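Assemble chain B onto chain A, guided by the hints.
Protein chains in written order, with this note's numbering: chain A, 93 to 251; chain B, 93 to 251.
Because the hints were derived from the structure by calculation, they are not lab data. In this text, all values refer to a predicted model and were calculated from it rather than measured experimentally. Careful, some of the hints might be misleading.
Note that identical chains are pooled: a pair holds if it fits in a single copy or bridges any two copies.
What the hints assert, rightly or not - Think about it this way: if two alpha-carbon atoms lie no more than 25 Å apart in a straight line, the pair counts; the simulated SDA-like pairs of lysine to any residue are:
hint	residue 1	residue 2
1	K139	P192
2	K200	T190
3	K200	T118
4	K161	N189
5	K161	T118
Each chain is listed here by its residues.
2 protein chains.
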Amino acid sequence: MQLTQHADYSLRVLLYLGLHPGRRCTITEIAEAYGVNRNHMVKVVHKLSQAGWIKTVRGRSGGMSLALKPEQINIGAVTIGTEPHMNLLECFDPETNTCPISPVCVLKHGIFQARKAFLDTLNRYSLADVLIQPEATLALLHQAESVGDCSSHRGHVKP
Amino acid sequence: MQLTQHADYSLRVLLYLGLHPGRRCTITEIAEAYGVNRNHMVKVVHKLSQAGWIKTVRGRSGGMSLALKPEQINIGAVTIGTEPHMNLLECFDPETNTCPISPVCVLKHGIFQARKAFLDTLNRYSLADVLIQPEATLALLHQAESVGDCSSHRGHVKP
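In isolation and in its complexed conformation, chain A is listed as follows:
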């Protein structure tokens, strides 16, 4: 069981933007900081923008920043919003389910309860809650950026 790479990278982008308040960040910069594929990051950023979590500005001095305050961005909502689905078992989606015992199955209620507990826990966290070690995190990001070829933005980092 795992979250998709798309959800994982979405959370990382929001984390990065939350750790760099007051300036616009670029896709290249974030992809290099995390050492992940830039094309994948383009799709992630597009979806985050569509969902209203980030705002983007085109052009030479363009880039992206959070569209909301970190305390307004709920980790549970981002997880649900960036995962393709949360159907833990085949029977969770009645349109594609083929399991014949689904209508009377008790097991799925247990899995439903477990999923609820999972999401209830995530719903208690905002992006602000997971930014409480910004200095240490920024130092590591800065280190990662220094290793990568990202001279165009290195000057913007505030460790």
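Here is chain B on its own, set in the frame of chain A:
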């Protein structure tokens, strides 16, 4: 986010065996009852047997049955034991993790807590707990078997 098909089918096999106490069931019978690929079910049964949840007997009158009482089979343990891993994010596995901020990241602790809540909930269920509607479930299984080509075992079903 979803459980793998392997874990899904593993739970279904245990459910089926729990609903047919006192006799041996065959792989063909279970695969047909659920309408799933028999080859996939062979692998599932092999792993369940290796893990000690079911016991198998070879030969003409062979088949499988639960190796433990339903109340001794924990749904959380089966889920963990049949999922390849529970690494929700890349950083959960330090051996393959590439995320540079992992050492100081606070987000992963939130996801850890959510996974714990998920598993804690599943740990409260035994196989016996999810068999509390056996009559209705058996009736549906019987219906599914009657539709499939499984004349060799139909006589064994006790609705």
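Discussion item. Under the constraints set out in the numbered hints, which ones does this structure not fulfil?
Written reply: Violated: hint 4 alone.
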